[in-house]
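Take a look at the letters that make up each chain.
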Amino acid sequence: MAGFILKRLLQAIFVVLAVTLIVSFAIRLSGDPAIMLTGAGSVTEQDLQNIRKALGLDRPFAVQYLGFLKGIFVGDFGRSFMGGTPVSLLISKALPATLLLAFTSLLTSIVLSVPLGIYAAVNRGRWPDQLVRVISLVGLSFPNFWLAIMMVLFFSITLGLLPPSGMEGPESFIMPALTMAIILTATNVRLVRTSMLETLSQQYIMVARSKGLKDRVVLYKHALRNSAIPLVTYIGLQFGGLIGGIVIVERVFNWPGMGTLAFDAISARDYPVLQGSITVLALFIVLINLLVDIAYGLIDPRIRTE
Amino acid sequence: MSGETVKHVPVGEPLLSVRSLSVEFGSAEGAFRAVKNVSFDVQPGKTLAVVGESGSGKSVTSLAIMRLTDYTGGRISSGEVLFRPSKGQALDLVHAADTSLRSIRGNEIAMIFQEPMTSLNPVFTVGNQIAETLVLHEGLSAREALARAEALLEKVRLPDAKKLLDRYPHQLSGGMRQRVMIAMALACNPKLLIADEPTTALDVTIQAQILNIIRDLQQEMGTAVIFITHDMGVVAEMADDVVVMWKGEKVEEAPVREIFAAPKHPYTRALLSAVPRLGSMTGQPLPKRTPVIVIEDGAPKEVGETHVQDTADYAKPILQVDKMTTRFDVGKTFFGRVTHRVHAVEEVSFDIYPGETLALVGESGSGKSTIGRTLQQLIEPTGGTVRFDGHDMGSMSSAERRRLKQEIQYIFQDPFASLDPRHTIGFSVAEPIVVHNLLQDRKAIDRRVQELLDQVGLLPQHAKRYPHEFSGGQRQRVCIARALASNPKLIIADESVSALDVSIQAQIVNLLMELQQQKDLSYLFITHDMAVVEKISHRVAVMYLGQIVEIGTRQAVFENPQHSYTRKLLAAVPIADPARERAKRLIEGEIPSAVRPVGQEPLIHRMREVEPGHWVAIEADLLRGAA
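Just so you know, the sequences run in chain order A and B. Each residue of the first sequence is one higher than the one before, counting from 1 in UniProt numbering. Each residue of the second sequence is one higher than the one before, counting from 1 in UniProt numbering.
Please keep in mind that the hints were generated in silico from the structure rather than gathered at the bench. Fair warning: this is a prediction, and the values are worked out from it, not measured in the lab. Among the hints, erroneous ones may be present.
[Claimed, not checked] Derived coverage of chain B by chain A (criterion: at least 3 residues anywhere in the stretch with Cβ under 8 Å from a Cβ of chain A; other residues may be distant): (1) 103-112; (2) 168-181; (3) 205-219.
[As the list claims (entries may be wrong)] In silico SDA-like pairs for lysine to any residue, Cα to Cα no more than 20 Å straight-line: (4) A/Lys221 / B/Leu165; (5) A/Lys7 / B/Leu165; (6) B/Lys332 / A/Ala2; (7) A/Lys7 / B/Val330.
All C-beta atoms in this analysis are idealised placements derived from N, C-alpha and C, irrespective of residue type, glycine included.
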């Protein structure tokens, strides 16, 4: 197990390095921050060159990239081109907001999809199963931005129950988290159902029943843990998609998280902020997947002893 | 189900009484009746064998007794199952409330299932799984339950019971898992044990051990047993009474000796005629085809002819295997250095002659299938030479190697998995012809396919059908037709009849022998089934841990076995004859593993010739190698 984790850690380092390289390179193709800063037209070429020099953009790409890498190791991502705030400060403000949103929605979706998925699997082919499947298909069919806007229209504008945007109190959480959770639940419920059906057809489930155990014990003790491997794998993969989806949801609800930060940085060609935020997000995704690998071993002894 | 019915059954009556039980699957309109009006009694402490082939409804019956069919989409449409628990009155399990049913399951009636590899939950320890039953039914604390679990593991003769409690199922062999399963089933001293094909998936020496354990514990604890099986040999060894099932119905019921001595129903007679009996060929030097009784339109009919298989020509071998070695790397360090190897095949030498069947017998892990795959060029050998028709395989060009694939064909074990479900069987049979470019004209290919189907006893119009439209036996015929398509000289049959019902198996064995005679085919017949080997083979090679320990004519090996492992293997085979004394010989121990650390090479034992053509490994070498 230790060797396995070590191998994964090495892989993870390479992944993060590759991400930083691609991001720093790609953003430099997207346009000139000096023009963005000044507003095109009203300055001379000399002014632009001075700005580039001040921002360090006149150096070769390799030098800029290595400087960025060196910064990462000491936790210094440089300063924003817009106003000079340290990037690490911006990230430390935005990251908790995003993680809070991501984990709340993930947790909500697990709490909802596990019992629903099991219920559907047990009643395979009967009406509760059909109902769960139809509802999940409906949930899957909504684009998240549309769902977010509809929620704002209904809960904030029509009913006036929830604040339409920002992060003001616990009630600000409900709509963004719910938007994400609905989409996640729609996929997870199907996954739990399929995985449970597979497990329930195994002989050890019949053996558990022949021992006289209650249905609840058979399902939640004997079956669920065996069905958890594909679910945990999928949640690991989902986390990447979740971060992508969060950018849009954060925009709609004006949520001050990493998505908003990165989005604004792209618009402004704010290289340090973009590099920094993408690197941190990549780091998190890689970390989550590492945790997923470790979780396998905890769930399934067959992997542990390999 | 509700409305508990309590029936009074006087003392001295059967422990379990199944009365006109019917079980249906599917919707009420299009219901399929898997079990039809089946009735039988089980006496306390006795063993009832329920025998039948696939689709006979025997497993559904076994599940229906504890109403486990509720979980498989089955519905008990009529009948009752009266059970006399140790306390209280007899109870109809069909109409019992869920709570009383649960108090009987695992407590008064316990069950053992067929597949030991999948019947234990992979994520819980052995100790946990046994203790669970005890905590549930006897209200023991976790610690008390684990102590009892340890005692139970000792009872099923598992060594090192204490350590075993903390092991997970995947760390145990199939035989050990089945013993754990038995320990779990017997945890609460049930009055009735239902065993559904408990030894079918196990090696024959392990099967013998498990049967002994079940028999001993049954006597010790006075447990009644319902033994579900398709194996008449096991029936003869285990049963007091026998119920024969066919197509969902009980066709015959009698004490075990009567069933074997004077079967009444035509199906029972057909079944018994198909069972290969070890020892039936004693005194005969060559394999022999014998007619099989099949049921056609409800009436028994004899098919096939008696024919001595004098097909082998010992002038010049078609295949010569010399010191073939095949190893696989398994364990690796962090830096990719190999630490362990599977020594699947170690310096194995044998010849096969034209028209001859050489049987390669051994238990799981003996390396017999690896030899087959190596000859089929699916695996590269680590060492040794293979000559086909005098040509060295190692020095062949790739075109010659392709040509060799045409000469050596393969029939696999599982006829369900070895045909592409998305192609017609005509396509599958034609494939070798197309691949080897034997015929170009579409019409000629079609004609050839129809001819091949005819040869294996199928109809030409079957070519347009898909595999799922055929039964297991028919599919195996398709696989044989495909193997014949490229006009091979040698066919490797890897457990090709093991998954088939005995009546089908007998017909396929006859077909293989008939084809051998017609086409002068050689077979390498890989199997664990000694009774089939006795019927089909000219010569036999017995494999153990990657090496041949005994090789000779079938008559020599079966009638004069010299190696202790050959003797053990033969003694372990259940004989379909209840009048015969039950083998008391103790077969102990697991089959050792062929995985060894790098650097620890297995010892290659020397062979000595005990009579012309009959070679045996010198056992002192083997013992040194094991130490």
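To see whether the hints hold, each was checked on the structure:
Counting residues of the segment 103-112 of chain B whose C-beta sits closer than 8 Å to any C-beta of chain A gives 7, which meets the bar of three, so the coverage hint holds. Remark: the segment 168-181 of chain B is confirmed as covered by chain A, as 4 of its residues place a Cβ nearer than 8 Å to a Cβ of that chain, reaching the required three. A count of 0 residues in the segment 205-219 of chain B with a Cβ less than 8 Å from any Cβ of chain A is obtained; the coverage claim is therefore unmet, three being the minimum. With a CA separation close to 19 Å, the supplied pair A/Lys221 and B/Leu165 stays within the 20 Å bound.
Between A/Lys7 and B/Leu165 the alpha-carbon distance is near 32 Å, which puts this suggested pair outside the 20 Å criterion. Straight-line distance between C-alpha atoms of B/Lys332 and A/Ala2 comes to about 14 Å, which keeps the hinted pair within the 20 Å bound. For a cut-off of 20 Å, the pair hint linking A/Lys7 to B/Val330 stands: about 18 Å separates their Cα positions.
Violated hints, listed in ascending order, are 3 and 5; each of the other numbered hints is respected by the structure.
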